[in-house]
Structures are given as C-alpha cells and as structure tokens.
Amino acid sequence: MYNQNPKIKVAILDDHPIILRSFEVVAASSGDISIVGSFTHSRELLGWLKSNDCDVLILDYILHSDELDGLSLIKNILVRHPQTKILLSSSMESIAVIRTAFMLGIKGYIGKREETVIYLNAIRAIYNGQRYIPPAISAELAVVPVRKRDEAFMNAQDNPEHTRDISELEKLLTPREAEVIHCYLEGMSIIDIAAKIKRSRKTVSGHKQTGMKKLGLSSDLELFKYRSDLFK
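In case it helps, the working numbering puts the sequence shown at residues 110 to 341.
Careful: at least some of the hints might be erroneous.
Here are the computed lysine to aspartate or glutamate pairs in the EDC-like style, where the Cα-Cα straight-line distance is at most 20 Å [to be verified]: (1) K118 x E176; (2) K159 x D141; (3) K311 x D301; (4) K317 x E288; (5) K116 x D178; (6) K334 x D164; (7) K194 x D175.
With beta-carbon atoms standing in for the labels, derived distance ranges [claimed, not checked]: (8) M201 x P284: 42 to 50 Å; (9) G220 x S309: 36 to 44 Å; (10) M297 x K159: 37 to 45 Å; (11) R308 x I127: 44 to 52 Å; (12) S143 x H190: 14 to 22 Å; (13) E202 x P284: 48 to 56 Å; (14) S247 x I306: 53 to 61 Å; (15) E223 x T319: 24 to 32 Å; (16) K311 x P244: 36 to 44 Å; (17) L177 x S200: 12 to 20 Å; (18) H190 x I306: 39 to 47 Å; (19) S138 x K159: 41 to 49 Å; (20) D175 x A248: 46 to 54 Å.
Quick caveat, the hints were computed from the structure, so don't treat them as lab data.
Positions of the beta carbon are idealized from the N, C-alpha and C atoms, including for glycine.
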C-alpha cells in the first residue's frame, strides 16, 4: 500500500461504464490514486476540464462514432490544456498512430489487455514525470523511420516545439504508397488507380498493402476508420 499524500488525481474517459466502475474500485484499493473525474462522453470531459484538473488523464482512443476521439481529441485537449498528462489507452495498436500521439504530447500508452498493476504503474510513472511505453511497443517504435525533426520524441525528450502541429502520417510512406492510399480513400478502385498512375493492378495492390502495413493497419475497415487521423 502507498501512503503518499496528496493522492494522484486521475480522470478517465471510456465509453464502457463497466471499465470506469472497475477502475474506480481498483483505484480505491491502491492507496495512492484517487479518481476525480469519470466520463463516457468526450464532451463531458472537455466541459469538466474547463474548471478542473487532474494529475493524469486516461484517455480511451476509440469512442462511439458520434464522439470526438483519437488524435483529434488529443490535440483538442492539449491545445486548451497543454499541461495535461495523457495516458492513452486502446485496444488498437497501430504503431503509426501511437507514434503520432506521442509526438502530439501524450505521456504514455497502454493496451487495454494489460493487467491492473501495469495500469497503476503507468499512472505513477507519468505522475512522476516519466513516459510510459510498453517494451513491445517501444521496440516497434524504435524501427520506424524517423526524420531529424522527430529525434526529440524518439530519444524520449520532452520538447514543446516537437509536440504540436505534427504533419500527416503519410510521411512514413513513399510518395507512390501515399498516392495509392489517398486515391483509395477517395473511392477509387484498384483498377481506376492503376489506370491513373499507369501501373499494373498487382503493383497498385502491392503499394496499398505495403503502405497499410507501415501504418499498422490490417484491414480496409481500419483504414477508413482512421482516415481523418492518418491523412490531414
């Protein structure tokens, strides 16, 4: 048991009430963590943040379709409340998205399948000024191609100049891969794209699959779900 005083103030946004309730129970038994805000809708959280604060904000990446979520919500929060320490929680493990979320300014990432003790340790680490990146995710991030401007993030250095106005994720792709995926997202078929760029259907399909793999996406459903986050 921890006897620190004051307790770590945690707010949490998750659209599953059972997860919120479970976390409240876990926090109550931790001894050093207090839930000061619990929300199922992003608008409720944004309203609360106008007059309240917390030491760590646990943010679910994927909410209901009518909610502001993902990278858009992260940017919205950090523009208005730049000191907020965000622990991103998600069952979606796209390395490209996670990388960009860190560059936008989150302090930690954790998968929803992690054990309770890992969640608590992540909260404590972030509260104490550290970043939290699971070893497996850290290893994958380490092999993602980086530009010079991104070195602060990859070296785990906090530099405000590198955590705002991050350019689109298509810069992880080759120009041809980015063009193919852009065209696909605009509703063009593989045949149409092949005719447009004067390449075979097999080549176009290869560019699409390679680009999606680099972005950490495994299906067209995921590609369209995250289109607003991946290509801005």
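Status of the hints after comparison with the structure:
1. K118 x E176: violated (25 Å)
2. K159 x D141: It is violated: about 25 Å lies between the C-alpha atoms, which goes past 20 Å.
3. K311 x D301: With Cα atoms ~13 Å apart, K311 and D301 stay inside 20 Å; holds.
4. K317 x E288: Holds, because 9 Å separates the two Cα atoms, which is no more than 20 Å.
5. K116 x D178: Between K116 and D178 the Cα gap is close to 28 Å, so the pair fails against 20 Å, i.e. violated.
6. K334 x D164: Distance ~30 Å between K334 and D164 Cα, so the pair is violated.
7. K194 x D175: violated (25 Å)
8. M201 x P284: 42 to 50 Å: For M201 and P284 the Cβ distance comes to about 26 Å; the hint is violated.
9. G220 x S309: 36 to 44 Å: At 39 Å between Cβs, range holds.
10. M297 x K159: 37 to 45 Å: Because 43 Å falls inside the window, the suggested range holds.
11. R308 x I127: 44 to 52 Å: holds (49 Å)
12. S143 x H190: 14 to 22 Å: holds (19 Å)
13. E202 x P284: 48 to 56 Å: violated (26 Å)
14. S247 x I306: 53 to 61 Å: Violated, since S247 and I306 (Cβ atoms, about 36 Å apart) do not stay within the stated range.
15. E223 x T319: 24 to 32 Å: holds (30 Å)
16. K311 x P244: 36 to 44 Å: This hint holds: roughly 38 Å between Cβ atoms.
17. L177 x S200: 12 to 20 Å: At 19 Å between Cβs, range holds.
18. H190 x I306: 39 to 47 Å: Given a distance of about 43 Å, which is inside 39 to 47 Å, the answer is holds.
19. S138 x K159: 41 to 49 Å: violated (31 Å)
20. D175 x A248: 46 to 54 Å: violated (36 Å)
Consistency note: the structure conflicts with the earlier hints numbered 1, 2, 5, 6, 7, 8, 13, 14, 19 and 20.
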